[in-house]
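Trainee: With the sequences and hints as input, model every part of the structure.
Same order as they appear, the protein sequences are chains L and R. Mapping of the first sequence onto this note's numbering: position 74 corresponds to residue 74, and the numbering continues sequentially without gaps. Mapping of the second sequence onto this note's numbering: position 107 corresponds to residue 1107, and the numbering continues sequentially without gaps.
Just so you know, these hints were derived from the structure itself, not from any lab. What you are looking at is a predicted structure, and each value in this text was computed from that prediction instead of being measured. Keep in mind that the hints are not guaranteed to be accurate.
As the list claims (entries may be wrong) - With a straight-line Cα cutoff of 25 Å, these simulated DSS-like cross-link-like pairs (lysine-lysine) come out:
1) R/Lys1098 <-> R/Lys1003
2) L/Lys71 <-> L/Lys53
3) R/Lys1056 <-> L/Lys55
4) L/Lys101 <-> R/Lys1056
5) R/Lys1068 <-> L/Lys101
6) L/Lys53 <-> R/Lys1098
7) R/Lys1098 <-> R/Lys1056
What follows is the residue order along each chain.
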Amino acid sequence: DVKVTQSSRYLVKRTGEKVFLECVQDMDHENMFWYRQDPGLGLRLIYFSYDVKMKEKGDIPEGYSVSREKKERFSLILESASTNQTSMYLCASSFGGADEKLFFGSGTQLSVL
Amino acid sequence: ELKVEQNPLFLSMQEGKNYTIYCNYSTTSDRLYWYRQDPGKSLESLFVLLSNGAVKQEGRLMASLDTKARLSTLHITAAVHDLSATYFCAVEDSGTYKYIFGTGTRLKVLA
Chain L
1 DVKVTQSSRY
11 LVKRTGEKVF
21 LECVQDMDHE
31 NMFWYRQDPG
41 LGLRLIYFSY
51 DVKMKEKGDI
61 PEGYSVSREK
71 KERFSLILES
81 ASTNQTSMYL
91 CASSFGGADE
101 KLFFGSGTQL
111 SVL
Chain R
1001 ELKVEQNPLF
1011 LSMQEGKNYT
1021 IYCNYSTTSD
1031 RLYWYRQDPG
1041 KSLESLFVLL
1051 SNGAVKQEGR
1061 LMASLDTKAR
1071 LSTLHITAAV
1081 HDLSATYFCA
1091 VEDSGTYKYI
1101 FGTGTRLKVL
1111 A
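Mentor: In structure tokens form, the structure reads like this:
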């Protein structure tokens, strides 16, 4: 089974802190994604990566950056956390072939105080 | 810019009844996905629809895709309590690797 592992299930940070959210997949997937999920807004794409060291902005990249130094790992960075970044963050990956369904991690609930 | 709309946002239905969830999208795409999310859990893939007229069925759920109308439906037959969850559709923005999600439909099946 494909496994997408997010390093923390719950995280509490202070405003202004630098925050790292880590995601690792074990199926040699080409594509990796970061979404945030907020009530009433569904899932919104922050950044995605289709290859090592490659990244593309999603719909809401402001205040975030990403890093993909190795194929299996995709990190989301909040340079200076703000309260409006309190959210559930979901990492996903896909193989990149014809059947490109996403496999999701269990999510990180981030609270910024 | 690709936009994906789902309706209804909330659905409360009795066991044994049928209902349909709708997913509309704004630009051309022939790849549409349905996911299920249980409370407190992450998303799991239900269906992958890759061409116009595609129909997939599993158990009491059936999904279809009409790319000309830019519409997908998720039909629930004889609902049971175990189907209570939030259902999301997602559309691939053609050629971009981006998947855009709808806002989700929260389904509650009452015994």
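Trainee: Could you run down the list of hints and mark each one as holding or not?
Mentor: Results of checking the hints against the structure:
Proximity of R/Lys1098 to R/Lys1003 is assessed by CA-CA distance (about 12 Å); at most 25 Å being required, the pair is judged to hold. Simply put, L/Lys71 and L/Lys53 have alpha-carbon atoms about 8 Å apart, close enough for the 25 Å limit, and the pair holds. The hinted pair formed by R/Lys1056 and L/Lys55 fails the criterion: a straight-line CA distance of about 33 Å is larger than 25 Å. The hinted pair formed by L/Lys101 and R/Lys1056 meets the criterion: a straight-line CA distance of about 14 Å does not exceed 25 Å.
Simply put, R/Lys1068 and L/Lys101 have alpha-carbon atoms about 22 Å apart, close enough for the 25 Å limit, and the pair holds. The suggested pairing of L/Lys53 with R/Lys1098 holds, with an alpha-carbon distance near 17 Å, which does not exceed 25 Å. At roughly 23 Å between alpha-carbon atoms, R/Lys1098 and R/Lys1056 fall within 25 Å of each other, so this suggested pair holds.
Consistency with the previously given hints fails for number 3 only.
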